[in-house]
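Knowing the structure of chain X, use the given hints to seat chain F on it.
If you're matching them up, the sequences are chains X and F in order.
For the first sequence, position 73 matches number 73 in this note's numbering, and the numbering has no gaps at all.
Each position in the second sequence, counted from 1, maps to that position plus 1000 in this note's numbering.
Just so you know, the hints here were simulated from the structure itself, not pulled from any lab data.
Some hints here could point you the wrong way.
To be verified - Partial selection, computed: residues in chain F whose CB lies under 7 Å from chain X:
#, residue
1, 1040
2, 1042
3, 1045
4, 1092
5, 1098
6, 1099
7, 1102
8, 1105
9, 1109
Glycine included, C-beta positions come from ideal geometry on N, C-alpha and C.
In case you want the letters, here they are:
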Amino acid sequence: GAGVSQSPSNKVTEKGKDVELRCDPISGHTALYWYRQSLGQGLEFLIYFQGNSAPDKSGLPSDRFSAERTGGSVSTLTIQRTQQEDSAVYLCASTRSLGETQYFGPGTRLLVL
Amino acid sequence: GQQVMQIPQYQHVQEGEDFTTYCNSSTTLSNIQWYKQRPGGHPVFLIQLVKSGEVKKQKRLTFQFGEAKKNSSLHITATQTTDVGTYFCAGQSFRGAQKLVFGQGTRLTINP
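Isolated chain F, as found in the complex:
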C-alpha cells in the first residue's frame, strides 16, 4: 500500500537557524497536506499543495510539491520558539481518496 516517509525524525536547532523537513511518497499523489502539532496538542492543518512543482509561502514557512508529485518539503526560515512542534505531511493518493496517509512526522525542538 501507499507509504509516506518523512525525514528527519527529529531536528534540534538554535533559534534563528533554518529548518527543513522532507516527505516522500511511494506513489504519485493527488495532493499533499501539512499539519503542525504543538507539544500536548492536536494536529492543525497548515496548507495543501495540489499542483506539480507548486510552491506556497506562509510568512517564514515555504512549502514545495515536487514535479513528480511524489515528494514535498517544508522549510522554515529563521526559526522562532513558537515553531516548536511536530510537523506531519499527509498524502492523498487520488482526488476523492478515502483517507490521507500520514508521514511519521518531524519533531522540531529549538534552543532559545
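Chain X with its partners taken away, still in its complex shape:
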C-alpha cells in the first residue's frame, strides 16, 4: 500500500512480558518517528530515525524501551518487561526528509494487564 502501516493493530499483554511493535514507512521516506499517545492525550515523541541511525533517543521513557531500523525501511519498537503505564497507542510516522510533513500509520493499541 501507499501509506504507513503498523502491526499489530492491537496488542494485549501481561505485565512483565516483552512486546515488539512494527512500522513499515512509506517507500522512499528517509525519516521515521515513533510517538506514544495515551488516552485523550497529545503526542509524546519517543525517537526518530534518519536512515538507520537514531540521533535523538531523548524521548524514550526508560531503558526498557528500544528501537531499531534496518535497511532504511522497517522499524521495530521493543518494550521489555512491560508495565501497566506503558498502555497507550504507539504511532509511527514517516517523512520524505527531516521535518517535513509527517504521514502517520494507524497505530498499535497496547494494553498491559
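Structure of chain F alone, referenced to chain X:
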C-alpha cells in the same frame, strides 16, 4: 527546550458555531504544521505555514501564522459534525530540524 502550547484543551460548540484553537511556541519557528485526528484515528496533515503573517484557507478552515512566527491559529467557520476531532499544531524550530514539536491538541466536540 522548545515548547508548544495549545489552548483550549477542550472545546464544545453547537453545530454552526465558530471554533478557534491557538498555538504558541516558546521559540521562533521556521514553520508550523496543523494536523487533525478523528476519534479513534491517527493524525492527518492539514496544512503547513511558512511565512510570517501567512494566512491560508481551506474551505471553512482559516490558518494564520503570527508576524513573529511564534504563534498560530486555526479558525473553523460554521462548524459541522464532520469537524469533530482533535486538532494539533506542530512547530519546526528551523528548516531541516530533526523533529516537530507537537502541541497537546484541542479536542473539538459538536452538539448537532
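Check each numbered hint from earlier against the structure, then list the numbers of those it violates in ascending order. Hints 1 and 9 contradicted; others consistent.
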